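Full structure from sequences and hints, please.
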Amino acid sequence: MTDAAVVASGLVKTFGEVRALDGVDLVVPRGQVVGLLGPNGAGKTTTVRILSTLLKPTSGTATVAGFDVVKQADEVRRTIGLTGQYAAVDEYLTGRENLRMFGELYHLKPSYVRERSVELLEWFDLSAAADRPVRTYSGGMRRRLDLAASLVAQPSILFLDEPTTGLDPRSRMGLWGVIEGLVAQGTTVLLTTQYLEEADQLANDIVVIDKGRVIAHGTSEQLKDQIGGDRIEIAVIDPAAVGRAVEVIRSVSTGEPKVDELRVSAPVSGGSTVLVDAIRALDLEHIEVADLVLRRPTLDDVFLSLTGHVAEEETAASEPARGRSTRRR
Amino acid sequence: MATLSISAPIARRRPLWGWTLNDGLVVARRNLIQTVRVPELLFFSLVQPVIFVLLFAYVFGGAIPIPGDAGAEAYRNYLMPGIFGQTVAFAAASSTVGLAEDLHKGIIDRFRALPMSPPAVLLGRTFADAARQILVLVVLSITGFIVGWRITGGAFNALWAYILLLLFAYTVAWIGAWIGLYMPNPETANTAGLVWLFPLTFLSNAFVPIASMPSWLQAFAAFNPVSTLVTATRELFGNPTGMQPDYWPLQHAELYTLLSCGLLIAIFATLSVRRYARATSK
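Protein sequence lines, in the order shown, are assigned to chains X and D.
Each residue of the first sequence is one higher than the one before, starting from 149 at the first, in the numbering used here.
Each residue of the second sequence is one higher than the one before, starting from -17 at the first, in the numbering used here.
Treat the hints as calculated values from the structure; they're not laboratory data.
Note that the coordinates shown come from a computational prediction; the quantities given were computed from them, not determined experimentally.
A couple of the hints might just be wrong.
[As the list claims (entries may be wrong)] So the derived list for chain X, only partly shown, Cβ under 10 Å to chain D, looks like this: (1) Arg197; (2) Thr201; (3) Thr209; (4) Lys219; (5) Asp222; (6) Glu223; (7) Gly229; (8) Thr231; (9) Ala235; (10) Asp238; (11) Leu253; (12) Tyr285; (13) Ser286; (14) Asp294.
[Unchecked claim] Below, computed lysine-lysine pairings styled on DSS-like, alpha-carbon distance capped at 27 Å: (15) X:Lys204 <-> D:Lys87; (16) X:Lys372 <-> D:Lys87; (17) X:Lys219 <-> X:Lys204; (18) X:Lys359 <-> X:Lys204; (19) X:Lys406 <-> X:Lys359.
[What the hints assert, rightly or not] Some chain X residues close to chain D (C-beta under 7 Å, calculated; not the full set): (20) Arg226; (21) Glu252; (22) His255; (23) Pro281; (24) Thr284; (25) Ala301.
Every residue gets a Cβ at the ideal spot worked out from N, C-alpha and C, and that includes glycine.
Structural data, given as structure tokens:
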């Protein structure tokens, strides 16, 4: 018996010509949260679908709670809870009826399902809406019910496929709190997300995937260290001053500055004394700045340096492009 | 936040009738609750066949003579089993749309990740769609009665006729389910679910006697199970069948209907179950 709840090795999945997964290795230790991070089309959902028995891998193997996802699919299904990208609950049934239906389909005793439903509805703050059809629920309520539905049978392993996509910040924080509560009680979670902030907040371990391959793996801190520690970032007011600003930043930095329109950034070491040096140098050059910060790298930076592109939603393409400073929240 | 405190989940014992039927009924109950929660949909699905009765009885009725019988009264008795047959055939469309919606909304993904019996989702869908036809048949029968349709074949035969109609509804629901599993979205399902039903129901003796069709079409119409279903129910209700051309299915309408229902269910249930195992939301 290993200590890993989920082990995947060499997962490959092809859809016709498209290689959605190109050899994914993944380990989720028992009781931990692993975040699977990547842009749309990176293979996150395909990975979760294979691990939750919805898809068969073209090659490679995976076990969940020690059961093979292909040969022992039914045992796997008894152990896991799955919450997908859509709130996969019935709109016309009430919240309580939904939980009852899923409980019965898990082949649980009706009396147990009844008690468990009451408890889950209360825990997810849905008691008042329990007997209303789900189509009257808000987006956040649907997601909570969706998560509740995957918890009816008290799964020890939970797959959450982009659980907060499309939610407003308040609902998102609420759902994070719920997930943290589950983890505190010993649930193992594999979470996919394209929100770097979400992986940062919830996951012990982060696996970054892009184009069907794992490109980095480690804790949030380890990943940030990989691209160097702190960064200085300034925004100048006058576009003509960008060239001089680069020279100034280069004089205080430990690496090559990057320029994005009016923004100049570079890795630094030495903490806040660097800021003082930078301000002094900028002042000497008479460069007016709109913004000057020293910050730890975000996972955005990690992602950019690993893949050469930002972990951006395709749907965000309608927004005016603001290069790497584009952030989702 | 309170913690979840309940004892470990308690598994249920396998019921005598097995998990597939058990899970199928759970899903069927869900689909039937949907019907009750959207009364508008139910209302309009009842209005359409009622309008058909009125249109055919009063607009076309006088123009379509029934060989061997005379008058509009005879046509109404001839018409009603045809309307019944056509209406139950359209049960297939709700299976197509229902499954396409379930796929689209991701609920099929959830079902497939549960330790439930895989055919149960399809079983529940087809069963609920056929069961809904009971109410439709009641409303249609009352409408028919008002325009002058009469059952003269005895209560037992009438009951058997209704059972045949429901069996046929269940059969086409499987065809509809199979189509639904291939649909990229519910909008496409709305069209694809209906398009094959018009030729199926109109190239039959549901509204006009087969003898009035060109001869190459007569053969198709005679082997169309809608024709034999309608012929069988006409006989059972004691309604006029009109002049029937000399085809084996029409002369053994009840047997042919039962055989084709059995064969079609076997084929399309197999195809659908196989497809379901690979179907995931887009």
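Q. Which hint numbers does the structure go against, in order from smallest to largest?
A. 3, 4, 12, 13, 16 and 24
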